[in-house]
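Visitor: Numbered per this note's numbering, the sequence shown spans residues 31 to 156.
Read the hints as simulated data drawn from the structure, not as lab findings. Please note: incorrect hints may appear among the correct ones.
To be verified - Cβ pair distances, simulated, as ranges: (1) E45 <-> E109: 17 to 25 Å; (2) R74 <-> G121: 33 to 41 Å; (3) L113 <-> P80: 13 to 21 Å; (4) Q88 <-> R60: 16 to 24 Å; (5) P46 <-> R105: 29 to 37 Å; (6) L113 <-> S92: 15 to 23 Å; (7) G89 <-> A43: 15 to 23 Å; (8) A98 <-> R74: 16 to 24 Å.
Bear in mind the structure is a predicted one, so any value in this text is a computation, not a measurement. Cβ coordinates follow ideal geometry from the N, Cα and C atoms, glycine included.
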Amino acid sequence: MNHDIALKRIYQAPEPDDGARVLVDRLWPRGKRRESLALTDWYRDASPSPALRRQFHQGEISAAVFAARYRGELRDAPECLLLLMRHARQGRLTLLSAVRDLDASYLPILRDALRLALEDHTTDKG
């Protein structure tokens, strides 16, 4: 089954077809009030660890190293995907973040890991 998982900036207006809207940043977005975001949930555990995030933003590691380490974090803590998997099984899931460039962020990595986990879980059930 192909799950519908979209990526959006938190600063984009909510749309009726967003489905479950889950903020997956560790930090609350600047200048935003919770009631203005139409959030289903705020789930920090699936975002990169503070140490990894800091290393990347300070230029200590490359984007490729960041991506590999983030994949490792997700692989080492598969339970961090469970809440997102639940939402994805119920319909469209929109992962939200305050990052400026969605395609160059951790969100595509998270979406790929989530899809893989959903496929593996379906396969395991047989």
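Visitor: A separate judgement is required for each hint: does it hold in the structure or not?
Guide: Results of checking the hints against the structure:
1. Distance hint check for E45 and E109: the Cβ-Cβ separation is about 30 Å, which falls outside the suggested range of 17 to 25 Å.
2. Under the hint 33 to 41 Å, the C-beta atoms of R74 and G121, about 23 Å apart, miss the expected range.
3. At about 20 Å, the CB distance of L113 to P80 agrees with the hint of 13 to 21 Å.
4. Take Q88 and R60: their Cβ atoms lie about 19 Å apart, and the range 16 to 24 Å holds.
5. For the pair P46 and R105, the beta carbons lie near 35 Å from each other, so the given range of 29 to 37 Å is met.
6. Between L113 and S92, the C-beta spacing of about 30 Å breaks the proposed range 15 to 23 Å.
7. A beta carbon spacing of about 33 Å between G89 and A43 contradicts the range 15 to 23 Å that was offered as a hint.
8. For the pair A98 and R74, the supplied restraint of 16 to 24 Å holds, since their beta-carbon distance comes to about 21 Å.
Hint compliance for this structure: hints 1, 2, 6, 7 are broken, all remaining hints hold.
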